[in-house]
Amino acid sequence: MDRREFIRLLGLAGTSAAAYTACSAYMREALAKGPETVEALTTAAVPCIEGSLEDIEHVIILMQENRSFDHYFGTLRGVRGFGDPRPLKLRNDEPVWQQALPKDASGKAQSPIQPYHLPMKPEFALQDAHHAGAVFLEDPAHDYTTGIAAWNNGWMDQWGMQKGVVSLAHYVEENIPLYFKLAKAFTLCDAYFCSVNGPTDPNRSYFWTATSAGFSDNSSFSGSATQKGIRTWATYPEKLEKLGVSWNFYQDGLTWNAQNPFDGNYGDNTLEYFDKYMGKSSVLYKKNQSINSVLRTDADKPSQFEADILNDTLPAVSWIVPPEAFSEHPKWPPEFGEYYVHEILRALAANKEVWKKTALFITYDENGGFFDHVPPPVPPLKKDVGKVSSGIVVPEPASTFNVDAESPRGKNTPLGMGTRVPTLVISPWSTGGRVCSEVFDHTSFIRFLDEWLIAHGKQDEDADAFPNISSWRYAVAGDLTSTFDFYHAANPGTESLAEPGQSAAIFTSAKREAARQIKGFSPKASDTLPDKDMPVRGKQDNARCEILPLAYDFTVTAARIYVSGGAEKLTLTFANYGPLAAAFTVYSYDRTDGPWFYTVEGSSDDEPNLLTDLWDLRVYDTLRRAPFDYHLAVHGPNGHLNEFRGNSNSTEQYLADVIDVSLTDDEKGVHFHFSQWPEGSGKLKMISAYTGKEQILPWGTKFADTMTVDGWYDVSFVDAVNTSRYLRRYAGRLETGTISKSDPAIGMIYDEVKRIYKAGTV
Numbered sequence: 001m002d003r004r005e006f007i008r009l010l011g012l013a014g015t016s017a018a019a020y021t022a023c024s025a026y027m028r029e030a031l032a033k034g035p036e037t038v039e040a041l042t043t044a045a046v047p048c049i050e051g052s053l054e055d056i057e058h059v060i061i062l063m064q065e066n067r068s069f070d071h072y073f074g075t076l077r078g079v080r081g082f083g084d085p086r087p088l089k090l091r092n093d094e095p096v097w098q099q100a101l102p103k104d105a106s107g108k109a110q111s112p113i114q115p116y117h118l119p120m121k122p123e124f125a126l127q128d129a130h131h132a133g134a135v136f137l138e139d140p141a142h143d144y145t146t147g148i149a150a151w152n153n154g155w156m157d158q159w160g161m162q163k164g165v166v167s168l169a170h171y172v173e174e175n176i177p178l179y180f181k182l183a184k185a186f187t188l189c190d191a192y193f194c195s196v197n198g199p200t201d202p203n204r205s206y207f208w209t210a211t212s213a214g215f216s217d218n219s220s221f222s223g224s225a226t227q228k229g230i231r232t233w234a235t236y237p238e239k240l241e242k243l244g245v246s247w248n249f250y251q252d253g254l255t256w257n258a259q260n261p262f263d264g265n266y267g268d269n270t271l272e273y274f275d276k277y278m279g280k281s282s283v284l285y286k287k288n289q290s291i292n293s294v295l296r297t298d299a300d301k302p303s304q305f306e307a308d309i310l311n312d313t314l315p316a317v318s319w320i321v322p323p324e325a326f327s328e329h330p331k332w333p334p335e336f337g338e339y340y341v342h343e344i345l346r347a348l349a350a351n352k353e354v355w356k357k358t359a360l361f362i363t364y365d366e367n368g369g370f371f372d373h374v375p376p377p378v379p380p381l382k383k384d385v386g387k388v389s390s391g392i393v394v395p396e397p398a399s400t401f402n403v404d405a406e407s408p409r410g411k412n413t414p415l416g417m418g419t420r421v422p423t424l425v426i427s428p429w430s431t432g433g434r435v436c437s438e439v440f441d442h443t444s445f446i447r448f449l450d451e452w453l454i455a456h457g458k459q460d461e462d463a464d465a466f467p468n469i470s471s472w473r474y475a476v477a478g479d480l481t482s483t484f485d486f487y488h489a490a491n492p493g494t495e496s497l498a499e500p501g502q503s504a505a506i507f508t509s510a511k512r513e514a515a516r517q518i519k520g521f522s523p524k525a526s527d528t529l530p531d532k533d534m535p536v537r538g539k540q541d542n543a544r545c546e547i548l549p550l551a552y553d554f555t556v557t558a559a560r561i562y563v564s565g566g567a568e569k570l571t572l573t574f575a576n577y578g579p580l581a582a583a584f585t586v587y588s589y590d591r592t593d594g595p596w597f598y599t600v601e602g603s604s605d606d607e608p609n610l611l612t613d614l615w616d617l618r619v620y621d622t623l624r625r626a627p628f629d630y631h632l633a634v635h636g637p638n639g640h641l642n643e644f645r646g647n648s649n650s651t652e653q654y655l656a657d658v659i660d661v662s663l664t665d666d667e668k669g670v671h672f673h674f675s676q677w678p679e680g681s682g683k684l685k686m687i688s689a690y691t692g693k694e695q696i697l698p699w700g701t702k703f704a705d706t707m708t709v710d711g712w713y714d715v716s717f718v719d720a721v722n723t724s725r726y727l728r729r730y731a732g733r734l735e736t737g738t739i740s741k742s743d744p745a746i747g748m749i750y751d752e753v754k755r756i757y758k759a760g761t762v
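According to my numbering, the residues represented by the sequence shown are 1 to 762, in order.
Calculated from the structure, these hints are not laboratory results.
Hints are supplied without guarantee of correctness; some may be wrong.
[Said to hold, decoys possible] Within a straight-line C-alpha distance of at most 27 Å, the following computed DSS-like cross-link-like pairs (lysine-lysine) qualify:
id, residue 1, residue 2
1, K239, K357
2, K242, K228
3, K411, K387
4, K276, K458
5, K668, K741
6, K702, K668
[Unchecked claim] Derived DEER-like restraints, expressed as beta-carbon distance ranges:
id, residue 1, residue 2, range
7, D298, T255, 16 to 26 Å
8, E94, E174, 25 to 35 Å
9, D616, K758, 54 to 64 Å
10, D666, E94, 33 to 43 Å
11, N92, G737, 35 to 45 Å
12, N412, D460, 37 to 47 Å
13, T43, A543, 17 to 27 Å
14, T43, G279, 41 to 51 Å
15, D460, Q110, 56 to 66 Å
Think of the CB as a built atom: it goes at the ideal place given N, C-alpha and C, for glycine as much as any other residue.
Could you build all of it, start to finish, from the sequences and the hints given here?
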């Protein structure tokens, strides 16, 4: 089939089974050229060596629908995916991968479910029995209520109970080959979180306006689309318009056409529900509510998007809103979205000079109910559940809207951040197949555009931040500038990309009709049998890749406070030396309350910002193994983990505490500084999980060093004299400001007895 016939049939594909079958085959064949297109873009980027944000003249942002990070990229090398060596541990001592399920229809308890690759059974595939990317999945629940319930106050243990078996489904490279190629050629963010733990509209509101004004569901947006007086707050395109910066929306239609899902914009242009975009004579309406096609409607005539690239008339800022079938929203298969993205890439490759000054971002509005294992950063909404630095404002929940509020109106649960979603950064300045692990959310795009405006002289450097960004998000979410490498001496090479594409596999008429009628494939626990017994960590490619430098520089330490009768309190100190704020979640495995949430703002000088809190070890709790037991785990950015475990009435009172963790002078090791040792004869054993090296630290030791592996460290201190619960564990990465390598422990097993990493899948 040629392009002309494809365009003709695409207009019929919403109602004609035969047309749908033919169009599906055409898209598969077009995607087989994906490696060539990606290679053309990376080759054209070679001359782009040194630069700045000023060299980016065009910013294009495509926001797709409803996929989580683990769901798409949990098996990709170098990211914090299924091979995460430091995943959250649940209350039952199982890793976060083990998700409980409701009882079956007969009332019998079901075994826990873990992430599974989509079944390859022919009866479940609507296109190709060996291609899970063609399976029309059920749409899991993705409302705010079930999102908060699955998150379960940070314990992340209710995914199966709230969203079903399908929420644990995931893809592999074979299923979404173009996206894996892009991740291996450009930059992928593995710490980008959606803004709201809920559905499309409030997340897209954050994307375009930096807030949802306390609304957590679609009913306050598309559910009341024509009602005025609800959505009146400032939007980012208004700012661009006032500054005289060109902007536009590319969309193949203005409606959600249920009869033809290959047309329209699926109602995803959330700005159309705002009062200022309803007046047909306004500039905002005309730019937001115009059809500027991405896909061709005439085989011999470029789409508007293609024409603007060919003619070098792209606006400074472009947002793309695709039709339903190309949005990747379940039940639509991801390969339709890949086709749409490939058309965008193909258009950019057609004019290399425009490409050289363009940055394309691909992100997702929300996770769509699909599982992700990384706990999102959230603020403490009440004083008894954590703290924030004095420079961060987090109002307590209220019924009225406050720009700094982080809870829905009238509710005492956090709006977000929500679950991790994939975000790709595609530009000549983001080549190399690298990973960026700075924390971002949808407000990061507004932060990025502000920085970009400053670089182009359109905004003063000391101008106020966009007014809708809350104090907490402004501190925690980055501005995306760290995803670019403007200072490389030579353009990095990319991994092999030009392998042959898959041959076309088409939908039959019967399967096309089935896809229209069913809600989507709803798997049962038994359908996960093909990989049920494979350890989750064994799913991820353990090859390493380059990672971009981050501006994180923080430590978390614990100390026992001595009072009459022994040490009965434990204090945690969060010290932030770096310019980026850091959010932490503290879990207790000896108490039934918690977790607790802490955010420490960045430091602007040589002195760290400090935040401390106390745990009263005398508090009775039924989980206690013995009086005065404690076991805390602290999770932070980029795989950071601390464990503090012990008993205040034991011999461990004779052991010193670590009071600082830093990089050694040669930047090859980690340096530990100890407090004054109590009277006695205590000794510590220091164990490096990455190197396996053990060292006895005698009483009175003030300093101890051990080697890192490319800045990565995981060091435990245990009692070297007595058998006790005592443990101090410090794990994460020490930054040097340079490009480095991904975590070498990805895919490895952490031995909790020997305190080392070891290879294997058992």
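Hint-by-hint comparison with the structure:
no.: 1; hint: K239 x K357; result: holds, 22 Å
no.: 2; hint: K242 x K228; result: holds, 23 Å
no.: 3; hint: K411 x K387; result: holds, 19 Å
no.: 4; hint: K276 x K458; result: holds, 23 Å
no.: 5; hint: K668 x K741; result: holds, 13 Å
no.: 6; hint: K702 x K668; result: holds, 20 Å
no.: 7; hint: D298 x T255: 16 to 26 Å; result: holds, 21 Å
no.: 8; hint: E94 x E174: 25 to 35 Å; result: holds, 29 Å
no.: 9; hint: D616 x K758: 54 to 64 Å; result: violated, 37 Å
no.: 10; hint: D666 x E94: 33 to 43 Å; result: holds, 40 Å
no.: 11; hint: N92 x G737: 35 to 45 Å; result: holds, 41 Å
no.: 12; hint: N412 x D460: 37 to 47 Å; result: holds, 39 Å
no.: 13; hint: T43 x A543: 17 to 27 Å; result: holds, 23 Å
no.: 14; hint: T43 x G279: 41 to 51 Å; result: holds, 46 Å
no.: 15; hint: D460 x Q110: 56 to 66 Å; result: holds, 59 Å
The structure shown violates just one earlier hint, number 9.
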